[in-house]
Amino acid sequence: MNYQTHEFTYQRCPDQTVSSPARHPVVIVGAGPVGLALAIDLAQRGQKVVVLDDDFRLSSGSRAICFAKRTLEIFDTLGIGDQTVAKGVSWNVGKVFHRDALVYQFNLLPEPAHKHPAFINLQQYYAEGFLAERAAQLPNIELRWKNRVVAVDNIGSGTTLTIDTPDGEYAIIADYCVACDGSRSPIRKLIGEESKGQVFKDRFLIADVKMTAPFPTERWFWFDPPFHPNQSVLLHKQPDDVWRIDFQLGWDADPEEEKKPERVIPRVQALLGKDVEFKLEWVSVYTFACTRMPKFRHGRLFFCGDSAHLVSPFGARGANSGIQDSNNLGWKLDAVLRGIASNPLLESYATEREFAADENILNSTRSTDFITPKSEISRLFRDAALSLAKDHAFARRIVNSGRLSLPSSYLNSSLNTLDEAAFDGGVKPGAPALDAPISRDGVNSWFMSELPSSFACVVYKENNTVEVTRMDTGASQNFVASTEWISRYDAAPGTTYLFRPDHHVAARWRARDASKISNAVRRALGQ
Amino acid sequence: MLLNTEPNMQDFDAFYEALIESHRDLTTAQSHEMNAKLVLLLANHIGELDVVRDALRRARETTLAAQA
Ligand SMILES: Cc1cc2nc3c(=O)[nH]c(=O)nc-3n(C[C@H](O)[C@H](O)[C@H](O)COP(=O)(O)OP(=O)(O)OC[C@H]3O[C@@H](n4cnc5c(N)ncnc54)[C@H](O)[C@@H]3O)c2cc1C
Numbered sequence: 001m002n003y004q005t006h007e008f009t010y011q012r013c014p015d016q017t018v019s020s021p022a023r024h025p026v027v028i029v030g031a032g033p034v035g036l037a038l039a040i041d042l043a044q045r046g047q048k049v050v051v052l053d054d055d056f057r058l059s060s061g062s063r064a065i066c067f068a069k070r071t072l073e074i075f076d077t078l079g080i081g082d083q084t085v086a087k088g089v090s091w092n093v094g095k096v097f098h099r100d101a102l103v104y105q106f107n108l109l110p111e112p113a114h115k116h117p118a119f120i121n122l123q124q125y126y127a128e129g130f131l132a133e134r135a136a137q138l139p140n141i142e143l144r145w146k147n148r149v150v151a152v153d154n155i156g157s158g159t160t161l162t163i164d165t166p167d168g169e170y171a172i173i174a175d176y177c178v179a180c181d182g183s184r185s186p187i188r189k190l191i192g193e194e195s196k197g198q199v200f201k202d203r204f205l206i207a208d209v210k211m212t213a214p215f216p217t218e219r220w221f222w223f224d225p226p227f228h229p230n231q232s233v234l235l236h237k238q239p240d241d242v243w244r245i246d247f248q249l250g251w252d253a254d255p256e257e258e259k260k261p262e263r264v265i266p267r268v269q270a271l272l273g274k275d276v277e278f279k280l281e282w283v284s285v286y287t288f289a290c291t292r293m294p295k296f297r298h299g300r301l302f303f304c305g306d307s308a309h310l311v312s313p314f315g316a317r318g319a320n321s322g323i324q325d326s327n328n329l330g331w332k333l334d335a336v337l338r339g340i341a342s343n344p345l346l347e348s349y350a351t352e353r354e355f356a357a358d359e360n361i362l363n364s365t366r367s368t369d370f371i372t373p374k375s376e377i378s379r380l381f382r383d384a385a386l387s388l389a390k391d392h393a394f395a396r397r398i399v400n401s402g403r404l405s406l407p408s409s410y411l412n413s414s415l416n417t418l419d420e421a422a423f424d425g426g427v428k429p430g431a432p433a434l435d436a437p438i439s440r441d442g443v444n445s446w447f448m449s450e451l452p453s454s455f456a457c458v459v460y461k462e463n464n465t466v467e468v469t470r471m472d473t474g475a476s477q478n479f480v481a482s483t484e485w486i487s488r489y490d491a492a493p494g495t496t497y498l499f500r501p502d503h504h505v506a507a508r509w510r511a512r513d514a515s516k517i518s519n520a521v522r523r524a525l526g527q
Numbered sequence: 001m002l003l004n005t006e007p008n009m010q011d012f013d014a015f016y017e018a019l020i021e022s023h024r025d026l027t028t029a030q031s032h033e034m035n036a037k038l039v040l041l042l043a044n045h046i047g048e049l050d051v052v053r054d055a056l057r058r059a060r061e062t063t064l065a066a067q068a
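Taken in order, these protein sequences are the chains called A and B. Take the first sequence: its letters are residues 1 to 527, numbered as in our numbering. Take the second sequence: its letters are residues 1 to 68, numbered as in our numbering.
You may find that some hints are simply not true.
[To be verified] Pairs of lysine to any residue residues, derived as SDA-like cross-links and limited to a Cα-Cα distance of at most 25 Å, are as follows:
#1 A/Lys390 <-> B/Asn8
#2 B/Lys37 <-> A/His392
#3 A/Lys390 <-> B/Val51
#4 A/Lys95 <-> B/Asn8
#5 A/Lys428 <-> B/Asp11
#6 A/Lys95 <-> A/Thr365
I should point out that these hints are in silico values taken from the structure, not numbers from a laboratory.
Model the full structure from these sequences, guided by the hints.
Structural data, given as structure tokens:
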């Protein structure tokens, strides 16, 4: 499939001819990365899902290019992790330049012994394409292209959606509806809600260029370079010899003018040098904002991804946090549809992910403020930090060209059971599982692959043996822990972790106790 | 004792945010005044003249080098 040009076909469906609106348990509006990820998660859990999208193509332009480790781990559970990593470009080295000099370089290489790298770079249309292909394999998912939601009635017992198609309008009722309809979210507007926050008075030119120049696979960030004075520039590699270049333009730039090739090409040439041959793949001009909706849940209607929150791209938190939203909501909706949980669990989606959105917005705002100083004095401090950074290690920690996107830990979530025994580190209740090498039946593998899609109880026994029990079926199997696993979980014989279906820790103890475990499961289900 | 130039703070991003925020809505002249007071306050807290001298020297030298 050519992910940039592929067109999905619109098909008329039986719902369009019935006299009263058909009812569906789950309807997802928007087949972007977030809607597709959620649909796959639910379908794999046995739920039937209708996905509506007003378009018939994948992401236009590369958009999100940095996919973080946690996203790759979630992609593993959706069945597209290995494919994504294989296609993506792995990178570890970042360089920061100030004016014409290298200030410092850093190595993102996280601690070794994790299955996935800290980040890979991949055009969004690939990630979306892999998700769309995976969704097409699942009979539980019905994807309806060219189906535009034009009216919404949130009636409490569900949501009535009016949908426009090439064959005219029809309506359906969703028991549960999830709006994954992007930053301009028509559904948000239709219910009279707003995403509020800060818009940065600045413009950025995003140019993807194709070239075979021998630049290293590194992230290069310039503050005030000679070829683009007073502004910042970012250069980053994607697969297929495509390079992402971001030029800060300032607030006064004319977005339409700046998109024209005759304006873009000289800027790129100034960076690459006159004799490097390249082709423009995609050009766009953006203003960045950090905003969010006050509430991500409105009864049986949920907001997920960019519709709920928006961040500036420094630190790559848009798609990555949206995928985490879907990972948080999937198992909760499933539990409610199965009748084993109710309102409090659904509400915990909102509280956990609103907290995560605030954390992402804070990080992304700080990066944006450092990169685009708002006053003379903040520019002075920024330049002073850059100037000191060359010879003073502490100042490198102040320089902020975007911070690594890390998953949120829901440390204050009401779903957690508080520690009653002492742990020296390990993985706290609310935090996502940490990967580590393990072996099973003599074959080397990874801890993340041992975690099932249900609640799981993980008990460290002795002789490095760990037992993983699915809480839904009671089935269990053993693996052999590595020293990394033991130290990451601060494990001693008896140490017991309870993982939620999204692989966040719900509770942990120093000894296995069946009644404490079942209480913790109930608590994590909001019961 | 030597001036510590290794990272010596838990959360640099929170520090930097607080620093910039503390200058909000000040005129440039007021910011200068505030920075001067900040230097005096922190120097007193450090207390050791050798350490302060080392900091003064580094700040001055990196500034002259940048202008060169
Ligand atoms: C220049 C740029 C760089 C970025 N870089 C990164 C990065 O490196 N890392 C990162 O994590 N994120 C990045 N992002 C952010 C990322 O692209 C978004 O966060 C991500 O696309 C959000 O996914 P989504 O599924 O929520 O929304 P979208 O991808 O916007 O999908 C929404 C979908 O809803 C459909 N839709 C809209 N209205 C309707 C309707 N009425 N009826 C039916 N369907 C509808 C749309 O057609 C679309 O398919 C970047 C964004 C930009 C612009």
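* **Agreement of lysine 95 of chain A and asparagine 8 of chain B with the hint, judged by alpha carbon distance not exceeding 25 Å** => Status holds; Cα separation ~23 Å.
* To do: With a cut-off of 25 Å on the C-alpha distance, tell me whether lysine 428 of chain A and aspartate 11 of chain B pass.
  => holds (20 Å)
* Asked: CA of lysine 390 of chain A to CA of valine 51 of chain B, is that 25 Å or under?
  -> Roughly 20 Å separates the two Cα atoms, so the pair holds.
* Starting from lysine 390 of chain A, check that the Cα of asparagine 8 of chain B is at most 25 Å away, please. => holds (17 Å)
* Hinted pair lysine 37 of chain B and histidine 392 of chain A, Cα distance within 25 Å -> Status holds; Cα separation ~23 Å.
* Asked: Given the hinted pair lysine 95 of chain A and threonine 365 of chain A, is their alpha-carbon gap at most 25 Å?
  -> holds (21 Å)
The structure shown violates none of the earlier numbered hints.
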